[in-house]
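J.: Given the coordinates of chain C, work out where chains B and S should sit on it, guided by the hints.
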Amino acid sequence: MRNALRLEPLNPAVVKPAKVKPGSENSILPLRVEGLGLILNGRLLLDDITFRLEIGPISVILGANGAGKTLLLKTCHGLLRPSCGTLSWREDNRNRLRKCQAMVFQRSVLLKRSVAANIDYALKLRGYPEKERLDRIDRCLNLSGLHPLRDRHARTLSGGEQQKLALARAWAVRPEVLFMDEPTANIDPPATAAIEQMIRNFAQEGVKIVMTTHDLHQARRLADEVLFLHRGRLLEQAAAERFFERPATRAADAFIHGELPAGSPFFTNEECV
Amino acid sequence: MFLYAYLLFTNMLVYHYSIIDWPFKYVKRNIIKAMQSILESFKMAINLMLDLNPLLLEIVGLSLGVSLTAVLLASVCGFFAGALLALCSFPGRQAILVILNAFMGLPPVAVGLTVYLLLSRAGPLGDWGLLFTPGAMIFAQWILVTPLIAALSRQVIEDLNVEYRELLWSLGANRLGMLLTLLWEGRLSLTTVMLAGFGRAVAEVGAVLIVGGNIVHHTRVMTTSIVLETAKGNLSQALALGIILIVIACLINAVISISKNYAERASA
Amino acid sequence: MNNIHKIRMFLGALFLCLMIPVCAAQQFITLASTTSTQASGFFDYYLPIFQNKTGVEVRVVAVGTGQALKLGENGDADVLLVHDKVGELKFIEEGFGVDRREVMFNDFVLIGPEADPAKITGLKDAVGAFQRIAESKSEFVSRGDDSGTHRLELRLWKEANIDPHGDGVTWYKEAGAGMGAVLNMLAAGGNAYTISDRATWIAFENRKGLALLDEGDPRLFNQYALILVNPEKHPHVKKEQALMFMDWMTSPEGQKAIGEFKLRDQVLFTPNAGANQ
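From first to last, the protein sequence lines stand for chains C, B and S.
Under numbering that gives the first Met the number 0, the first residue of the first sequence carries the number 0, and numbering increases by one thereafter.
Under numbering that gives the first Met the number 0, the first residue of the second sequence carries the number 0, and numbering increases by one thereafter.
Under numbering that gives the first Met the number 0, the first residue of the third sequence carries the number 0, and numbering increases by one thereafter.
The shape of chain C in the complex, shown without the other chains (with noise of 0.2 Å):
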């Protein structure tokens, strides 16, 4: 369990993420994944899987539960190292990928303290000044119609209001390329539709989104482009309506049409780790 989590030591020195536009010379995509394999406790849980994410579009790792989804994910971000394969981005320099990077887990991880302090204690890690911190959580807050809580203790929020939180949070660092893992999962539909409208806002203004979810509407309704994962194996990545007009397997078409049975032999829980 612990070795299967190494973390990377930070530099202390603080190192402010480059505001990157999209598409210019600056940014750390595209991410290259190469002949992936993933083990853990001695078995194969992710199997030569090779993509390329580009930025731009919203990116949905698709699959039923077991498939690897999370996994996936969590090796991207880099809290996973790949058994095998290899994972490169544009940028070498680790600490500049972290400081790019956010991720949203699918049960969301709240600090004991206020709403503002939760997202004021993820800009203290970036190192931004207290007047900037201000002016961000404030922003934040708003844009996630959070404002008139600022002030409440975060583990005393719903759970759709504690899943905007960790969303809130994760954006206010302004990262180059968001993960999310099942950001709506387990959350009542007025509260999913208000953080599916969150992640189109991060989209447009250029941050690349990277999720999960085995919700087919709501893949429908997000995705740019999906790749399709079944059984630890990437069987597909394709645009979206090419996906879902015309999925190039027989298992992507059968999960399309809700036959694939959910569960998979080989993975009893997706979340391993």
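Among these hints, one or two may not hold up.
Stated by the list, open to error - Here are the simulated lysine-lysine pairs, DSBU-like style, with alpha carbons at most 35 Å apart:
1. S:Lys-172 x B:Lys-27
2. S:Lys-52 x S:Lys-261
3. B:Lys-32 x S:Lys-52
4. B:Lys-27 x S:Lys-136
5. B:Lys-259 x C:Lys-123
Rather than coming from a laboratory, the hints here were simulated on the basis of the structure.
T.: Showing chains B and S alone in chain C's frame:
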């Protein structure tokens, strides 16, 4: 209180049976006697507390001062040691954990003796001249309590780490930042850990008696006075002091759990 | 973060408060003495008189005579007030102490159940009483802590030609505790005997069914003496203040004060400084 309630309860039981069985009558008489002397101690304890006897205040003050200082110092060390053990893996970690868990039950007398040998003029730290001072008592209790706090806070931090580590890494925290954040996030549970440490420190007598010497006005604390009063055969006075010790411990626990409830309500 | 700051301030303040009495330079000496002198309340009466007169505080660490001598050997006390002549002379011979002065005496008494199954009442013969206790196989609780009282008790058994640690002896119990604790055991346990110094016995409150059965044997004479811990061995010993205390305790004024200490209308310690020198 519990003891009193217990005796009352058994007394009622015994009274019930005494009609049919004479040996219980004998037991009952003894229980009534014991109850009377405990009641007497309660009265004495209340009188002592109402009196605000300066010697008693001094003893209580020293008890609290010594134990609180020891626990605070032990917390600083124990929290960090616990957090390090929870977050880092290194060779020998398992061995340290085993030793730490065993040391949670260190016998106070053994600690007292060790500290005596260290602080004695003939010992390695003799030049400090700390023996028979409150400082020596703090030192001994610190040794007694640190393993307890370290072992318990390791558990707290380890549990929190499972929940937080991916998030904190993702937000860009380094190891030290993670450690401090986890300590702060675990503050409510760590207060309980501190209370456990305080309970152990304030209630022990073996160590403070040896390294403090029970010198009146100087190193006499609640527990050593209880020992002295017992030696004088002054049992009700000794028990009265014990009752006061319990009352004080209850008060401290109450204050902390009330403020903890308050903090939890804000977060629940 | 404000909270952390407050906690830190509080911590610092508390620590300082506690360290002040530790660091404050005070005129004091450490006196290692026996439990009997402390438990009887003698020091609570006696030492303030000295402190008022000279300003020197005497801090008493009350332990058994054996442990008191050990404290002196390690240099953890400045003066000893103990009651085991054999051990004291050995202590001085080995160079750990100097200037032994006898200051006061009382005597040991035999304590047992009021019913006295071993029939030792009024025997005025400690050795004879010990033999009777052994013959009747009545329970005897020994201090067993290498204190002055324990050492005397062992000498008495030897004189009575009884080996309390021999095979088949079931009536002899070693408590490994102070005098008060042993008396408490007797009070709780019923039919046991022990030997106690008179001061502790007079001051002892929890006497349930216990009585003073035998006294008056010259062998039960209990001499207390002061010893200065050798300043040549332990340079930090506060020789000047310690001698001040020893001088005062053996002076007519100090001696008179000893004789005036009474509990239950009885004199606990009889001053006799200079009687044997």
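J.: With reference to the structure, classify each hint as holding or not holding.
T.: Checked hints:
Distance check on the hinted pair: Lys-172 (chain S) and Lys-27 (chain B) sit about 30 Å apart at the alpha-carbon level, within 35 Å; holds. A distance of roughly 21 Å separates the Cα atoms of Lys-52 (chain S) and Lys-261 (chain S); the hinted pair therefore holds under the 35 Å criterion. Annotation: proposed proximity of Lys-32 (chain B) to Lys-52 (chain S) is violated, straight-line Cα distance about 47 Å (limit 35 Å). In summary, the hint linking Lys-27 (chain B) to Lys-136 (chain S) is supported, as the alpha carbons are separated by about 32 Å, within the 35 Å threshold.
At most 35 Å may separate the alpha-carbon atoms for a hinted pair to count; Lys-259 (chain B) and Lys-123 (chain C) meet this at roughly 27 Å.
Consistency with the previously given hints fails for number 3 only.
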